[in-house]
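Asks: Starting from the structure of chain E, add chain A where the hints point.
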Amino acid sequence: MVKDRVKILMAKPGLEGHWRGMTIVSSALRDAGYEVIYGGNMLPPEIGQTAAQEDVDMVGLSILSSNYMRLVSETLEELRKNNKDDVTVLLGGIIWESDFAALKHMGIAGIFTPGTPLQDIVAFVNTKTAAQPSR
Amino acid sequence: MASEDKVFSLSGIPIKDLYTPDDVKTIDYDRDLGLPGHPPYTRGVYATMYRGQLWTIRRLSGFNTPEETNKLYREEYELGQTGLSVAPDISTVVGMDADDPRVSADIGHAGVPMSSIEDVEATFNGIPIENVSTYLADRCGAVTTAMYFVMAERRGLDLKGLRGTTANDMLSFSVPSLVNQTPPQAYLRYAVDFIEWCCEHAPRWNPVSFDSYNSRDCGLDAVQELGMLLATAIQYMEEAKRRGRVPLDKFVRRVSFDTGLHNDFFEEIAKLRAARRMWYKIVRDRYGITDPKCALFRVHCQSSGSTHTTQEPLNNLIRIAYQVMAGALGGAQSIHANGYDEGICLPTEQSMLLSIRTEQIAALEANIGNTIDPLGGSYYVESLTNELEERSWQYVKKIEDMGGMAEAMSSGWLYKEYRDAMIEHERKVATGELPIVGVNRFRLEKEPYEVPIFRWDPEAPYKQIEKLKAFKQKRDKDKLTASLENLEAVTRRGENVYPAVMDAIRCNATLGEISDVQLKVYGLWRRPLAI
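Going down the list, the protein sequences come from chains E and A. Just so you know, the first sequence maps onto residues 1 to 135 in our numbering. Just so you know, the second sequence maps onto residues 1 to 531 in our numbering.
Okay, chain E solo, but in the shape it has when bound (with noise of 0.2 angstroms):
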């Protein structure tokens, strides 16, 4: 099947619920041109099915409580156990500088923190998403 449009799932693992952030970011996406799925509040597991059934390229994260490490790291295991390894995963909210590089090491390709203009993260992911074979 030939997608004419690049698919991003949005989702915001575990419960925590600070979700303008994901809100907003979802809304600049989608008036970009991407079809955009809009997961809400979902668990790993959760994340890596629907990112398979879906066939997303992309899936963006946010978390503002803290635990990102533990969570990004959950749902990047359950992207591969989905055979979905290849997707890029970017992440928002509150994170520390000092763990960005671990994060990038674990395989996430952009961190976007409060404050970041909406139109770098639209540029951000059309940089990603021109190289896809799928677009």
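There's no promise every hint is true.
Unchecked claim - In silico BS3-like pairs for lysine-lysine, Cα to Cα no more than 25 angstroms straight-line: (1) K160(A) - K241(A); (2) K281(A) - K25(A); (3) K104(E) - K281(A); (4) K398(A) - K463(A); (5) K7(E) - K416(A); (6) K463(A) - K474(A).
Said to hold, decoys possible - Partial chain A-side listing against chain E, Cβ under 10 angstroms, derived: (7) P101; (8) T310; (9) L314; (10) G343; (11) P347; (12) L434; (13) I436; (14) R527.
Bear in mind the hints are in silico, worked out from the structure with no lab data behind them. Note that beta-carbon positions come from the ideal geometry of N, C-alpha and C, so glycine has one too.
Replies: Structure of chain A alone, referenced to chain E:
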């Protein structure tokens, strides 16, 4: 600035370059302002205000485990703090037990986990709850509060003397509770059940604190905040009146409120003044309640977390100080100053101390409380108060016309309001229309300094899980099952559920087990999506 440039308040109210007696000429002092402690309470709910008693300095806190939170509360108590304010963690907020596999990563984040009465007892260990007033940020139905009450019973205390407040509010829980929730109509039922029960069994307990803080932090303006807050209160009163089980004045006498304190200094002051006058009119005109105690808009205010920036976090100290000052000039009964670092982590000990100092300096050095309602009579503030009142009434009406707050939630309208507000805020930040120092104005290439970061204990969740499993093992299974079956039956019959909730807690039921009964009866609510 040229005077013909258009200037608006944060709520979009056009602001003139100068206010004169012309702007307040319709005000009748006795009718519209009155003395403090007298109708319509615009100038304050008490005659002596801060000359009689300073606003209460309260911090909402809780983290990691009940044991560590207890240590913090004991320190606060020894520092002379007589109001404890309990923030449950997110697993508790959504009604899931610590040993639920869905919550393990979130235990102890942004609050204290309280799955069982054992957790509540550990949180308050050694604290004489008969001498303090406790605020529990407990969701509709007040299950954690039931644990607190049963703890009091086990300590041999009379619930009739216990002082405190339970949030029990539908509006504030429209925001964080994304999962595991019953429909809003069920929230409303549980909330009013609790209120009725308290009127009889815990008459000094404030059974609801209507709370617009979270909603405001979704990007709403002051008009929307006030409108939603009062519309929620009206819906509760309508429900209590419809049922007719308790005299309305008995319930209304113990109502209190929570709001945010945002950046627009004078608008926030006007918001609190307008709120007092509006509440008076609702209680007296709409419900015909004549007891003056019922008409008091008693309010706890908290500096708005959404105004904090991650960039140059010490700037938040300044924002918080102005917001605290607005709360004090607006006549708040209780104020929480956030930690300047809350855009980065849970507050460190240093930042929590600074929060208390911020309020103490405002009170004792800046002399804000020396006279009552010092801005009363200001052409600008009075005119803004009128304007906010008028606009907020229109917003209340809009919500009532669609069937009230529960319907506004179910239909998704509320979430569209949140979404529109969030997107509009972002647009204004992007265009620079809304200046944020250090973010879209005067932004530095590189962060100029670092602040200490609070590190949570990664072992805390595992400790909680083990403890809860052990607790569950040692219960009397037959009694527990019978109490939960009774709760389900009572819920289905439409009776007041709270006696059955109390009984289940006496049989050591957990929060998750009680939530499961609620979900079984009412079904899972999927919050309407608005993107």
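Asks: Take the shortest C-beta to C-beta distance between R527(A) and chain E; is it under 10 angstroms?
Replies: holds (8 angstroms)
Asks: Need the status of pair K398(A), K463(A): alpha-carbon distance at most 25 angstroms?
Replies: violated (48 angstroms)
Asks: For the hint on T310(A), does the least C-beta distance to chain E fall short of 10 angstroms?
Replies: holds (4 angstroms)
Asks: Given the hint that K463(A) pairs with K474(A), test it: the Cα-Cα distance must not exceed 25 angstroms.
Replies: Since the Cα atoms of K463(A) and K474(A) sit roughly 17 angstroms apart, the hinted pair holds (cutoff 25 angstroms).
Asks: Hinted pair, alpha-carbon criterion (25 angstroms max): K104(E), K281(A). Please report holds or violated.
Replies: violated (58 angstroms)
Asks: Below or equal to 25 angstroms on CA atoms is what counts here, so check K281(A) against K25(A).
Replies: Holds, because 21 angstroms separates the two Cα atoms, which is no more than 25 angstroms.
Asks: For K7(E) and K416(A), compute the direct alpha-carbon distance and say whether it is at most 25 angstroms.
Replies: Holds - the C-alpha atoms of K416(A) and K7(E) are around 24 angstroms apart, at most 25 angstroms.
Asks: Hint check: is the beta carbon of P101(A) less than 10 angstroms from a beta carbon of chain E?
Replies: holds (8 angstroms)
Asks: For the hint on L314(A), just tell me whether its beta-carbon gets within less than 10 angstroms of chain E.
Replies: violated (15 angstroms)
Asks: Are L434(A) and chain E close enough, Cβ to Cβ, to be under 10 angstroms, as the hint says?
Replies: Because about 13 angstroms separates L434(A) from the closest Cβ in chain E, which is outside the 10 angstroms limit, the hint is violated.
Asks: Assess, step by step, whether the Cα of K160(A) is no farther than 25 angstroms from the Cα of K241(A), and give holds or violated.
Replies: holds (24 angstroms)
Asks: At a threshold of 10 angstroms, is the proposed contact between G343(A) and chain E supported by beta-carbon distances?
Replies: holds (6 angstroms)
Consistency with the previously given hints fails for numbers 3, 4, 9, 11, 12, ordered from lowest to highest.
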